[in-house]
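One point on numbering: in the working numbering, the residue at position 284 of the sequence shown is 303, and numbering is uninterrupted.
Worth double-checking, as some hints may not be accurate.
Said to hold, decoys possible - In silico DMTMM-like links for lysine to aspartate or glutamate, alpha-carbon gap of 20 angstroms or less:
{"no.": "1", "residue 1": "Lys-495", "residue 2": "Glu-539"}
{"no.": "2", "residue 1": "Lys-488", "residue 2": "Glu-385"}
{"no.": "3", "residue 1": "Lys-31", "residue 2": "Asp-41"}
What the hints assert, rightly or not - The calculated label-pair distances, taken between Cβ atoms and stated as ranges, are:
{"no.": "4", "residue 1": "Gly-427", "residue 2": "Gly-613", "range": "33 to 39 angstroms"}
{"no.": "5", "residue 1": "Ile-621", "residue 2": "Arg-192", "range": "51 to 57 angstroms"}
{"no.": "6", "residue 1": "Gly-144", "residue 2": "Arg-286", "range": "24 to 30 angstroms"}
{"no.": "7", "residue 1": "Thr-127", "residue 2": "Arg-286", "range": "30 to 36 angstroms"}
{"no.": "8", "residue 1": "Met-20", "residue 2": "Ile-621", "range": "42 to 48 angstroms"}
{"no.": "9", "residue 1": "Glu-22", "residue 2": "Tyr-172", "range": "39 to 45 angstroms"}
{"no.": "10", "residue 1": "Gln-567", "residue 2": "Arg-490", "range": "36 to 42 angstroms"}
{"no.": "11", "residue 1": "Arg-145", "residue 2": "Arg-192", "range": "30 to 36 angstroms"}
{"no.": "12", "residue 1": "Glu-426", "residue 2": "Glu-258", "range": "42 to 48 angstroms"}
{"no.": "13", "residue 1": "Thr-82", "residue 2": "Leu-529", "range": "49 to 55 angstroms"}
{"no.": "14", "residue 1": "Gly-304", "residue 2": "Ala-440", "range": "44 to 50 angstroms"}
Hints are computed from structural coordinates only; laboratory data are not their basis. Where is the CB? At the ideal position from N, CA and C, for every residue including glycine.
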Amino acid sequence: MTELSVIVPIYKVEPYLAACLDSLASQTWRDLEVIMVDDGSPDGSAAIAERFAARDPRFRLVTQPNMGLGGARNTGIRHASGEFLAFVDSDDLLPEYALEYLVASLRTTGSDFATGNVDVLTSRGRRRSPLHRPIFRGSAPETHVTRRPVLLYDRLVTNKLWRRSFWDRHDLRFPEGVLYEDIQVAIPAHFLAAKVDVLAAPVYVWRRHASSITRNRVNIKSMEDRFSAVASVRGFLAEHGFRRHLREWDRVALDSDLRIFMHLLDRADEPFRERFLDLTAAYLGQVHRASTDHLTAIRRLQWHLAGRRMLPELLETVSFERTTTDEHPPAVRHGLFHYGRLPFLDDPRYAVPREVYRMRDDLALEQEVRAVTWRAGSLVLSGRARVLHLRASRRRDQQLVAWLVREGTRRRLPLGVVLGARGRYRLTVDPKRLHVRGASSPATWTVELWVLNHGVFHRAELGPPSHIKARGLVSKQIEPGVWARPHWSDRKTLRITVGPSEARLTGHRLAGAALELSLEVSVPLGDDARLCLTPRPGGLASHHPLVQGDPPGSFMTRVPLGSLKRSTTGRQSEWRAHVMGSALRAPVAVTLTGTKPRPRHITADQEIALRRAAADELAIRVRNPRATATIFPAERQSIV
Numbered sequence: 020m021t022e023l024s025v026i027v028p029i030y031k032v033e034p035y036l037a038a039c040l041d042s043l044a045s046q047t048w049r050d051l052e053v054i055m056v057d058d059g060s061p062d063g064s065a066a067i068a069e070r071f072a073a074r075d076p077r078f079r080l081v082t083q084p085n086m087g088l089g090g091a092r093n094t095g096i097r098h099a100s101g102e103f104l105a106f107v108d109s110d111d112l113l114p115e116y117a118l119e120y121l122v123a124s125l126r127t128t129g130s131d132f133a134t135g136n137v138d139v140l141t142s143r144g145r146r147r148s149p150l151h152r153p154i155f156r157g158s159a160p161e162t163h164v165t166r167r168p169v170l171l172y173d174r175l176v177t178n179k180l181w182r183r184s185f186w187d188r189h190d191l192r193f194p195e196g197v198l199y200e201d202i203q204v205a206i207p208a209h210f211l212a213a214k215v216d217v218l219a220a221p222v223y224v225w226r227r228h229a230s231s232i233t234r235n236r237v238n239i240k241s242m243e244d245r246f247s248a249v250a251s252v253r254g255f256l257a258e259h260g261f262r263r264h265l266r267e268w269d270r271v272a273l274d275s276d277l278r279i280f281m282h283l284l285d286r287a288d289e290p291f292r293e294r295f296l297d298l299t300a301a302y303l304g305q306v307h308r309a310s311t312d313h314l315t316a317i318r319r320l321q322w323h324l325a326g327r328r329m330l331p332e333l334l335e336t337v338s339f340e341r342t343t344t345d346e347h348p349p350a351v352r353h354g355l356f357h358y359g360r361l362p363f364l365d366d367p368r369y370a371v372p373r374e375v376y377r378m379r380d381d382l383a384l385e386q387e388v389r390a391v392t393w394r395a396g397s398l399v400l401s402g403r404a405r406v407l408h409l410r411a412s413r414r415r416d417q418q419l420v421a422w423l424v425r426e427g428t429r430r431r432l433p434l435g436v437v438l439g440a441r442g443r444y445r446l447t448v449d450p451k452r453l454h455v456r457g458a459s460s461p462a463t464w465t466v467e468l469w470v471l472n473h474g475v476f477h478r479a480e481l482g483p484p485s486h487i488k489a490r491g492l493v494s495k496q497i498e499p500g501v502w503a504r505p506h507w508s509d510r511k512t513l514r515i516t517v518g519p520s521e522a523r524l525t526g527h528r529l530a531g532a533a534l535e536l537s538l539e540v541s542v543p544l545g546d547d548a549r550l551c552l553t554p555r556p557g558g559l560a561s562h563h564p565l566v567q568g569d570p571p572g573s574f575m576t577r578v579p580l581g582s583l584k585r586s587t588t589g590r591q592s593e594w595r596a597h598v599m600g601s602a603l604r605a606p607v608a609v610t611l612t613g614t615k616p617r618p619r620h621i622t623a624d625q626e627i628a629l630r631r632a633a634a635d636e637l638a639i640r641v642r643n644p645r646a647t648a649t650i651f652p653a654e655r656q657s658i659v
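Kindly produce the complete structure, drawing on both the sequences and the hints.
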């Protein structure tokens, strides 16, 4: 039996289909079948699919009359035989490591499905999807939506690998004849699953172009389908024992799914506007008032007006939000609370309750780190922190306290702060205070800020970097054999690791068909000592035995060049290195601390470079060879 089935519905995608199918054919996970469902496509898409089926036995074409995306996916499921299911829209792409990365996670954890990050591809290039960035800030295997509510925003079915037994056990299927069918499958599945793997690396490339279904929103059918999908999830939660999550779902729906139509009202016709008000009234009639407490004040005001069919006033707030020059206008304080300075506030002609304007989540902490530099042996951090909508123009408006906190412990050290106007600060860290003498491993510290502004308190880790002077962090030796390594975490918060380098690269060279690496390791490895190379952003790790040398603590390994495969998409490939062994509780990162590697190794078909990543960690990068030119000095000629 095939291990993995990929279902690709096909309809009017002739310009994009070959690229989609090529991305499946080049997957590093080879044991798969691709079920291509020609959903009555009137263009040349079927001919492209037939060519793939003719040259690769893993590709199979199924033809049917047009039934829509949901119907085509359901047909594909009936023809699929794999232990795992994946869905790919025919104008999108998969990174070449995606399926291998997802399968490896499910094999390790036994979760019901795995979900991964998403890139967006437009005419301007490829970048991380802003919609998915909050969901996938870090990996979280074996989690659940009830413990990780941000997964309520994880609506796609295409960025997931599904265990077929889970799919069949819950009789999952796509609604047919409607748009936004993903919502009605993905969100219930998150609740039905026993556990889910959340993977930070991108596993799906979502093409955004003018003909995308999800961009054709200014029509009544699209709006009705979206409201219906949101209501369907609401009904599922109510009927399947998840009623306590209704308020959170309503908040998410009002803040994302349904809000998109509100922002179209000023360019929509009268029938669209009237239908929006009808659908809004029906939905808000089921929603508990507390569901809107954690919306922003402008969003709460807009839903308040929509629910009371105050269309001219609603249109005014839409225009206000779009055209206001002050993104965070100052709040108005009455008693203990702050209120948004928004249209109709305290205007008796409109009788909008003041509570509608109350700011809660609006008063978020915004911070940026503008510079991280070494001065006289100390690490100096400069940046700005402010509470949105609250004044910080004078130093007395806002108080800021900083702490150094050692990870994994309750130990904290006070940190001196120099404050400036408009929330600016400067912190000076003496790294010698952070060195834990006698510790068996380096200590990692975070910087924690406490901010108080006009009665609003925030507590947060320092970050993110906003300027080039804060991004290129440099390590420094603070005493013989002890290094301070500032670096940014995956969540873009500052970490300072202080201690000896447990494993560092001391040399490297090409030796035949292998990259030979020499290491110095200061911790006992025990049996089965090996170097683990993990591809970034995702994929399966490779392991290479470490051979002990002389003096003690010296090791050497050979990495076959075949295991450092260049990406077939032309993008740069990267691996991170760790040492492993039976005596270690966790893998130890290999660093370049105190090492200056040669720029690159060039073979006939690839270029291998050893570079510094965060915290001085070794990054091995492979790409196509760059063109080089040799310039010879011109012969001196005499002019007659």
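Hints, one by one, checked against the model:
no. : hint                                  : verdict
1   : Lys-495 x Glu-539                     : holds, 19 angstroms
2   : Lys-488 x Glu-385                     : holds, 19 angstroms
3   : Lys-31 x Asp-41                       : holds, 17 angstroms
4   : Gly-427 x Gly-613: 33 to 39 angstroms : violated, 26 angstroms
5   : Ile-621 x Arg-192: 51 to 57 angstroms : holds, 53 angstroms
6   : Gly-144 x Arg-286: 24 to 30 angstroms : holds, 28 angstroms
7   : Thr-127 x Arg-286: 30 to 36 angstroms : violated, 49 angstroms
8   : Met-20 x Ile-621: 42 to 48 angstroms  : holds, 44 angstroms
9   : Glu-22 x Tyr-172: 39 to 45 angstroms  : violated, 30 angstroms
10  : Gln-567 x Arg-490: 36 to 42 angstroms : holds, 38 angstroms
11  : Arg-145 x Arg-192: 30 to 36 angstroms : holds, 32 angstroms
12  : Glu-426 x Glu-258: 42 to 48 angstroms : holds, 43 angstroms
13  : Thr-82 x Leu-529: 49 to 55 angstroms  : holds, 51 angstroms
14  : Gly-304 x Ala-440: 44 to 50 angstroms : holds, 49 angstroms
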